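> Top line first, the protein sequences correspond to chains F and Z. Numbering-wise (our numbering), the first sequence opens with residue 5 and increments by one. Numbering-wise (our numbering), the second sequence opens with residue 1105 and increments by one.
Any given hint could turn out to be false.
Calculated pairs, DSS-like style, for lysine-lysine (alpha carbon to alpha carbon, straight line, at most 27 Å) [what the hints assert, rightly or not]:
| # | chain 1 | residue 1 | chain 2 | residue 2 |
| --- | --- | --- | --- | --- |
| 1 | Z | K1142 | F | K26 |
| 2 | Z | K1126 | F | K118 |
| 3 | F | K81 | Z | K1126 |
| 4 | F | K53 | Z | K1123 |
| 5 | Z | K1142 | Z | K1122 |
| 6 | F | K62 | F | K81 |
| 7 | Z | K1122 | Z | K1140 |
| 8 | F | K62 | Z | K1145 |
| 9 | F | K26 | Z | K1113 |
| 10 | F | K53 | Z | K1140 |
| 11 | Z | K1113 | Z | K1144 |
| 12 | F | K73 | F | K118 |
| 13 | Z | K1157 | Z | K1122 |
| 14 | F | K73 | F | K62 |
| 15 | Z | K1157 | Z | K1144 |
| 16 | F | K81 | Z | K1157 |
| 17 | Z | K1122 | F | K53 |
| 18 | Z | K1144 | F | K26 |
| 19 | Z | K1157 | Z | K1113 |
| 20 | Z | K1144 | Z | K1123 |
| 21 | F | K53 | F | K73 |
| 22 | F | K118 | Z | K1145 |
| 23 | F | K26 | F | K118 |
| 24 | Z | K1144 | F | K81 |
| 25 | F | K26 | Z | K1157 |
Hint data in this document are derived by calculation from the structure and do not stem from the laboratory. It should be emphasised that the depicted structure is a prediction, and the values quoted were computed from it without experimental measurement.
Each chain is listed here by its residues.
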Amino acid sequence: AQSVAQPEDQVNVAEGNPLTVKCTYSVSGNPYLFWYVQYPNRGLQFLLKYITGDNLVKGSYGFEAEFNKSQTSFHLKKPSALVSDSALYFCAVAMIKAAGNKLTFGGGTRVLVKP
Amino acid sequence: DTEVTQTPKHLVMGMTNKKSLKCEQHMGHRAMYWYKQKAKKPPELMFVYSYEKLSINESVPSRFSPECPNSSLLNLHLHALQPEDSALYLCASSQELAGGTYEQYFGPGTRLTVT
């Protein structure tokens, strides 16, 4: 069965410091990995995805993620965090089913960026 | 335009009421999704439509009834709900289902309270 784990419930970081949100996955076959962000009382916003190719994926709002096959990880990073980056972040893997596919989400990591 | 719209934003209904949630996208996407999200938890997939046909039903109780009238619209009909059905209901769309490589775009959600 495919699964995604986000080991940290919350990450605290000072504004201007690097931000890392961790994600590990377990899949059979090639992984299709995604990061989404959710602001309070809002839907999820797509940040970036890894399908194939370069292990370093660049996305929206200055975020990037590094795919590491040997460590089965897909950590989200931002070189310099902003207060406005405070939100709930979800890692997800696409599960291919006979009738289509679905996203399986990790439990989420709350990011708090302090001024 | 990468917008998915949902109406209403908030809904309060009694356990004997019948109501509907609506979702619309004009991105030409051929796959549409309903998710249920409890506070501080990841979204849980309920239904998937592909080319206006129900593709995946994640064993959702029959008091939830999805409908896809055309490629741009998705409805979720609600009847005889229980208080535990109170949640944020999210609609999403993606270009297609094939291969699991397409990101999903989410609407802002409908906050449902069942009294």
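> Decide, hint by hint, whether the structure agrees.
Hint by hint, here is what the structure shows:
| no. | hint | result |
| --- | --- | --- |
| 1 | Z:K1142 with F:K26 | 22 Å, holds |
| 2 | Z:K1126 with F:K118 | 37 Å, violated |
| 3 | F:K81 with Z:K1126 | 35 Å, violated |
| 4 | F:K53 with Z:K1123 | 36 Å, violated |
| 5 | Z:K1142 with Z:K1122 | 21 Å, holds |
| 6 | F:K62 with F:K81 | 10 Å, holds |
| 7 | Z:K1122 with Z:K1140 | 18 Å, holds |
| 8 | F:K62 with Z:K1145 | 26 Å, holds |
| 9 | F:K26 with Z:K1113 | 32 Å, violated |
| 10 | F:K53 with Z:K1140 | 22 Å, holds |
| 11 | Z:K1113 with Z:K1144 | 19 Å, holds |
| 12 | F:K73 with F:K118 | 32 Å, violated |
| 13 | Z:K1157 with Z:K1122 | 23 Å, holds |
| 14 | F:K73 with F:K62 | 17 Å, holds |
| 15 | Z:K1157 with Z:K1144 | 31 Å, violated |
| 16 | F:K81 with Z:K1157 | 38 Å, violated |
| 17 | Z:K1122 with F:K53 | 38 Å, violated |
| 18 | Z:K1144 with F:K26 | 17 Å, holds |
| 19 | Z:K1157 with Z:K1113 | 26 Å, holds |
| 20 | Z:K1144 with Z:K1123 | 25 Å, holds |
| 21 | F:K53 with F:K73 | 15 Å, holds |
| 22 | F:K118 with Z:K1145 | 23 Å, holds |
| 23 | F:K26 with F:K118 | 19 Å, holds |
| 24 | Z:K1144 with F:K81 | 22 Å, holds |
| 25 | F:K26 with Z:K1157 | 36 Å, violated |
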